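Chemist: If you want the building blocks of each chain, they are given just below.
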Amino acid sequence: GPKVLQIPSHQIIDMGQMVTLNCDPVSNHLYFYWYKQILGQQMEFLVNFYNGKVMEKSKLFKDQFSVERPDGSYFTLKIQPTALEDSAVYFCASRKGTGQLYFGEGSKLTVL
Amino acid sequence: QQKVQQSPESLIVPEGGMASLNCTSSDRNVDYFWWYRQHSGKSPKMLMSIFSNGEKEEGRFTVHLNKASLHTSLHIRDSQPSDSALYLCAASRGGNYKPTFGKGTSLVVHP
Numbered sequence: 001g002p003k004v005l006q007i008p009s010h011q012i013i014d015m016g017q018m019v020t021l022n023c024d025p026v027s028n029h030l031y032f033y034w035y036k037q038i039l040g041q042q043m044e045f046l047v048n049f050y051n052g053k054v055m056e057k058s059k060l061f062k063d064q065f066s067v068e069r070p071d072g073s074y075f076t077l078k079i080q081p082t083a084l085e086d087s088a089v090y091f092c093a094s095r096k097g098t099g100q101l102y103f104g105e106g107s108k109l110t111v112l
Numbered sequence: 001q002q003k004v005q006q007s008p009e010s011l012i013v014p015e016g017g018m019a020s021l022n023c024t025s026s027d028r029n030v031d032y033f034w035w036y037r038q039h040s041g042k043s044p045k046m047l048m049s050i051f052s053n054g055e056k057e058e059g060r061f062t063v064h065l066n067k068a069s070l071h072t073s074l075h076i077r078d079s080q081p082s083d084s085a086l087y088l089c090a091a092s093r094g095g096n097y098k099p100t101f102g103k104g105t106s107l108v109v110h111p
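Sequence order for the protein chains is A and B. Oh and the first sequence: position 45 is 45 in my numbering, straight run, nothing missing. Oh and the second sequence: position 47 is 47 in my numbering, straight run, nothing missing.
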């Protein structure tokens, strides 16, 4: 089936550093998402992105967060600076119009 | 307050048994419901979706939807140990909006 690729699978960084999480969505998908999941629990919406713009973001999407997809390449989530509470698994997802979300395998972020 | 409530939080069923999971949305604008399954350490994969009142069956899985009460349920018959996973319910307004997920039901099927 369709695959969403995420790089890296795991990143360990010191608090205050910058991190960029990369997502390669399914090729013909138009809508892109980032979700945050802590300890295998609730999947919490961060942001969705369409046609080069942020469509909607949650209160979890702090000022230190940003997303972009320059020239149709990776869809990225950047956190600068990171905080301890940013430790989580970040899932990228994409969808084509209406229909299900396809999730990547996640990027586990550990902030020390 | 959670907009998507799932119950129970955890469920243990014997192999071959029936597992029943529930989900209710408090957002009266939602009309699409999704069930995802997430095995430990893996990504969520969609199991079933339902948009119309009634019932939908795919193999051992049956999903019900009551749009008036915004309640959906997932039933797994002849449960297998491989069904052990976190089951996430999601609801959205139409097909294009962001799905909001519940906290999930952790299902354990013991041999």
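In short, the hints are calculated from the structure, not lab data. Accuracy of the hints is not assured; some may be wrong.
Here's a subset of chain A near chain B, in silico, CB distances under 8 Å, partners left out [claimed, not checked]: (1) H10; (2) D14; (3) Q41; (4) M43; (5) G52; (6) F61; (7) F65; (8) E68; (9) Y74; (10) Q100; (11) L101; (12) F103; (13) G104; (14) G106; (15) T110.
Cβ pair distances, simulated, as ranges [said to hold, decoys possible]: (16) A:H10 x B:E57: 12 to 20 Å; (17) B:A68 x A:P8: 42 to 50 Å; (18) A:G72 x B:H39: 27 to 35 Å; (19) B:E58 x A:H10: 19 to 27 Å.
No more than 25 Å apart at the CA atoms, straight line, and that leaves these computed lysine to any residue pairs for SDA-like [to be verified]: (20) B:K103 x A:S9; (21) B:K67 x B:G41; (22) B:K3 x A:S58; (23) B:K45 x A:Q17; (24) A:K59 x B:D83; (25) A:K53 x A:I12; (26) B:K3 x A:K3; (27) A:K59 x B:R93; (28) A:K3 x B:S26; (29) B:K45 x A:A83; (30) A:K3 x A:K59.
No experiment lies behind these values; they were computed from the predicted model shown. Ideal placement from N, C-alpha and C gives every residue a C-beta, glycine not left out.
Chemist: Each hint should be assessed against the structure and marked as holding or not.
Modeler: For each hint, the structure was consulted:
no.: 1; hint: H10; verdict: violated (11 Å)
no.: 2; hint: D14; verdict: violated (25 Å)
no.: 3; hint: Q41; verdict: holds (6 Å)
no.: 4; hint: M43; verdict: holds (4 Å)
no.: 5; hint: G52; verdict: violated (17 Å)
no.: 6; hint: F61; verdict: violated (12 Å)
no.: 7; hint: F65; verdict: violated (16 Å)
no.: 8; hint: E68; verdict: violated (18 Å)
no.: 9; hint: Y74; verdict: violated (17 Å)
no.: 10; hint: Q100; verdict: holds (4 Å)
no.: 11; hint: L101; verdict: holds (6 Å)
no.: 12; hint: F103; verdict: holds (4 Å)
no.: 13; hint: G104; verdict: holds (6 Å)
no.: 14; hint: G106; verdict: holds (6 Å)
no.: 15; hint: T110; verdict: violated (15 Å)
no.: 16; hint: A:H10 x B:E57: 12 to 20 Å; verdict: violated (39 Å)
no.: 17; hint: B:A68 x A:P8: 42 to 50 Å; verdict: holds (46 Å)
no.: 18; hint: A:G72 x B:H39: 27 to 35 Å; verdict: holds (32 Å)
no.: 19; hint: B:E58 x A:H10: 19 to 27 Å; verdict: violated (34 Å)
no.: 20; hint: B:K103 x A:S9; verdict: holds (23 Å)
no.: 21; hint: B:K67 x B:G41; verdict: violated (33 Å)
no.: 22; hint: B:K3 x A:S58; verdict: holds (14 Å)
no.: 23; hint: B:K45 x A:Q17; verdict: violated (32 Å)
no.: 24; hint: A:K59 x B:D83; verdict: violated (34 Å)
no.: 25; hint: A:K53 x A:I12; verdict: violated (29 Å)
no.: 26; hint: B:K3 x A:K3; verdict: violated (29 Å)
no.: 27; hint: A:K59 x B:R93; verdict: holds (19 Å)
no.: 28; hint: A:K3 x B:S26; verdict: violated (32 Å)
no.: 29; hint: B:K45 x A:A83; verdict: violated (29 Å)
no.: 30; hint: A:K3 x A:K59; verdict: violated (28 Å)
In summary, the numbered hints that this structure violates are 1, 2, 5, 6, 7, 8, 9, 15, 16, 19, 21, 23, 24, 25, 26, 28, 29 and 30.
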